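Asker: Which chain is which? The protein sequence lines are G and P, in order.
Residue 107 in my numbering is what sits at position 107 of the first sequence, and the numbering runs on without skipping anything.
Residue 181 in my numbering is what sits at position 181 of the second sequence, and the numbering runs on without skipping anything.
Check the hints yourself; a few may be wrong.
[Unchecked claim] Covered stretches of chain P (in silico footprint by chain G; criterion: 3 or more residues with CB under 8 Å from a CB of chain G, positions within the stretch not fixed):
#1 113-124
#2 136-143
[Said to hold, decoys possible] Pair ranges (Cβ atoms, derived):
#3 P:GLN99 x G:GLU185: 38 to 44 Å
#4 G:VAL108 x P:PRO205: 36 to 42 Å
#5 P:CYS46 x G:GLU185: 27 to 33 Å
#6 P:GLN99 x G:PRO149: 43 to 49 Å
#7 P:MET56 x G:THR74: 55 to 61 Å
#8 G:ASP80 x P:ARG95: 56 to 62 Å
#9 G:PHE156 x P:ARG95: 47 to 53 Å
#10 P:PRO205 x G:GLY186: 26 to 32 Å
#11 P:MET56 x G:ILE33: 53 to 59 Å
#12 G:PRO196 x P:TRP31: 41 to 47 Å
#13 G:ARG168 x P:ARG58: 49 to 55 Å
Note that these hints are calculated values from the structure, not bench results.
Just so you know, these numbers come straight off a predicted model, no measurement behind them.
Note that the Cβ used here is the ideal one computed from N, Cα and C, for glycine as well.
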Amino acid sequence: MKTKANSKPEQMLPLGDIKVQIMAALPGAACEIVPNPGPSGQDSLRVEPASVLAVARFLRDDERHLFDYCSNVTGVDWLDQTVSETVKVAGTDAAGQATELEEKVERVVPGYLEAVYHLYSVAKKTGPLVLRVRTGNRSDDVEIPSLTPLWRSCEFQEREIFDLYGIRFSGHPDLRRLLMWDTFEGHPMRKDYQSPDETLAFATANGKEDV
Amino acid sequence: MAVDPHVTEVDVKALNREGVHVTSLESLYNWGRSNSLWPLQFGLACCAIEMIAATMARHDMARFGAEVFRPSPRQADLMIVAGTVTKKMAPMVVRLYNQMPEPKYVISMGACAISGGPFRDGYNVLNGIDRFIPVDVFIPGCPPRPEALLDGVIQLQEKIRSQKLSGPDRARHADKSACAEYPVPEYGGGDLSPPYNPEIWSPPPPFGSSDEDESEFET
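Could you build all of it, start to finish, from the sequences and the hints given here?
Answerer: Written out as structure tokens, the structure is:
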């Protein structure tokens with residue numbers, strides 16, 4: 001039996017090249033590479049919500065990429081972070097002379113919610129390309145475009161993220177809670193979620209810390 | 001056991017030797033019920049696999065008269081809560097229990113059904129089915145082996161055989177005024193509403209809150 005020579009899996013282009021191609025095809029797109037310093041070295045591509053639909057469609061349809069399969073969508077909750085920085089301010093030293101003094105300043109980086117998409121190309125046998133989309137904050141500006149119109153496999157996973165993290169996906173055909181019941185309030189996978197059982201008089205009664 | 005104050009055990013033994021067996025209606029009734037337990041055929045998680053294994057050829061629960069798993073609560077008299085009860089599933093479990101006819105019994109099988117088990121601190125798991133329905137036998141394990149389930153069934157049979165049909169301490173099914181239905185919890189904002197049935201369950205006192213506890217630890 002004659003067998004067709006196995007098409008060799010292509011190597012995925014470096015993320016930097018993909019970004020260059022995106023910028024060339026979509027000049028208005030806003031995206032950046034988020035480096036991963038861990039052992040996997042799996043860098044990811046962060047796209048602004050305004051341009052994510054165009055970028056995703058480009059990655060799916062462009063002949064050089066053909067990311068035809070979205071295998072996984074997950075949510076991440078990033079809390080507010082306090083970053084301490086050292087800045088130089090003008091002042092006077094012990095002798096009374098003008099000099100520059102170092103001062104520690106604490107700055108709060110506001111938190112946000114993030115949806116992470118893992119894209120594969122079955123046609124080209126490449127992947128994964130990690131696509132990140134971030135919301136404006138964790139409270140009222142939590143709407144990002146849904147990618148369900150591009151990859152049908154996103155539908156339930158975006159519903160799950162809506163349920164557990166509270167990201168609203170605009171353009172989703174059926175955005176309802178998936179795991180919790182419809183009248184449930186809150187989003188249990190957020191880091192500041194308090195389980196109602198903890199309010200029962202168990203370990204933390206009498207104002208004491210958990211032993 | 002003396003069946004009647006006028007009949008002594010010696011008499012009973014003498015009658016037994018002649019092939020005459022004397023017993024009380026209560027003993028006969030309980031003996032029959034305890035050897036014909038019909039469990040409800042439903043499983044919630046991995047414990048159900050062990051429950052199924054207990055009914056199969058190797059462990060053979062039929063030896064103890066509990067092999068007729070019924071697919072309808074109307075025909076069952078033993079509910080084996082086998083597995084993790086999520087908060088979303090809890091109302092259905094309580095409703096199934098309510099639909100079973102008296103006399104009915106509950107075995108809480110495995111760590112999850114007893115207390116929530118490894119998922120106790122999760123947002124979605126009920127911390128023990130005994131918060132909503134009365135449990136007769138708890139079988140610890142994660143999951144319990146079929147032998148443990150068989151032991152639980154035998155314990156339940158012993159409990160059934162000791163039940164009274166009359167008197168102030170009679171069994172629930174012999175008491176017309178006893179509670180036959182338990183309220184089905186509803187889905188609330190953050191938890192089930194109510195989170196437990198206060199008539200049959202209450203939160204344990206906080207650790208080390210009472211003086212008795214502390215003195216116990218000091219000695």
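Asker: Indicate whether the distance between the beta carbons of P:GLN99 and G:PRO149 respects the range 43 to 49 Å.
Answerer: At 44 Å between Cβs, range holds.
Asker: Take a look at whether the Cβ-Cβ distance between G:ASP80 and P:ARG95 falls inside 56 to 62 Å.
Answerer: At roughly 44 Å between Cβ atoms, P:ARG95 and G:ASP80 fall outside 56 to 62 Å, so the hint is violated.
Asker: Range hint 38 to 44 Å: satisfied by the CB atoms of P:GLN99 and G:GLU185?
Answerer: 30 Å, violated
Asker: Between P:CYS46 and G:GLU185, does the C-beta distance stay in 27 to 33 Å?
Answerer: With a Cβ separation near 30 Å, P:CYS46 and G:GLU185 satisfy 27 to 33 Å, so the hint holds.
Asker: When you take the CB atoms of P:MET56 and G:THR74, is the distance between them in 55 to 61 Å?
Answerer: Violated: the Cβ-Cβ distance is about 39 Å, outside 55 to 61 Å.
Asker: Counting residues of the stretch 113-124 of chain P that have a beta-carbon nearer than 8 Å to any beta-carbon of chain G, does the count reach 3?
Answerer: holds (count 4)
Asker: Taking the beta carbons of G:VAL108 and P:PRO205, is their distance inside 36 to 42 Å?
Answerer: 41 Å, holds
Asker: Taking the CB of G:ARG168 and the CB of P:ARG58, does the distance hold inside 49 to 55 Å?
Answerer: Holds - the Cβ-Cβ distance for G:ARG168 and P:ARG58, about 53 Å, lies within 49 to 55 Å.
Asker: Just to be sure I understand the hint, the distance between the Cβ atoms of G:PRO196 and P:TRP31 should be within 41 to 47 Å; is that true here?
Answerer: 45 Å, holds
Asker: For the stretch 136-143 of chain P, do three or more residues have a beta carbon lying closer than 8 Å to a beta carbon of chain G?
Answerer: Since three or more residues must qualify, the claim that chain G covers the stretch 136-143 of chain P is violated, with 0 doing so at under 8 Å.
Asker: Is it true that the C-beta distance of P:PRO205 to G:GLY186 lies inside 26 to 32 Å, as the hint says?
Answerer: Because 28 Å falls inside the window, the suggested range holds.
Asker: CB of P:MET56 to CB of G:ILE33, is that within 53 to 59 Å?
Answerer: 56 Å, holds
Against the hints set out earlier in the document, violations occur for numbers 2, 3, 7, 8, 9.
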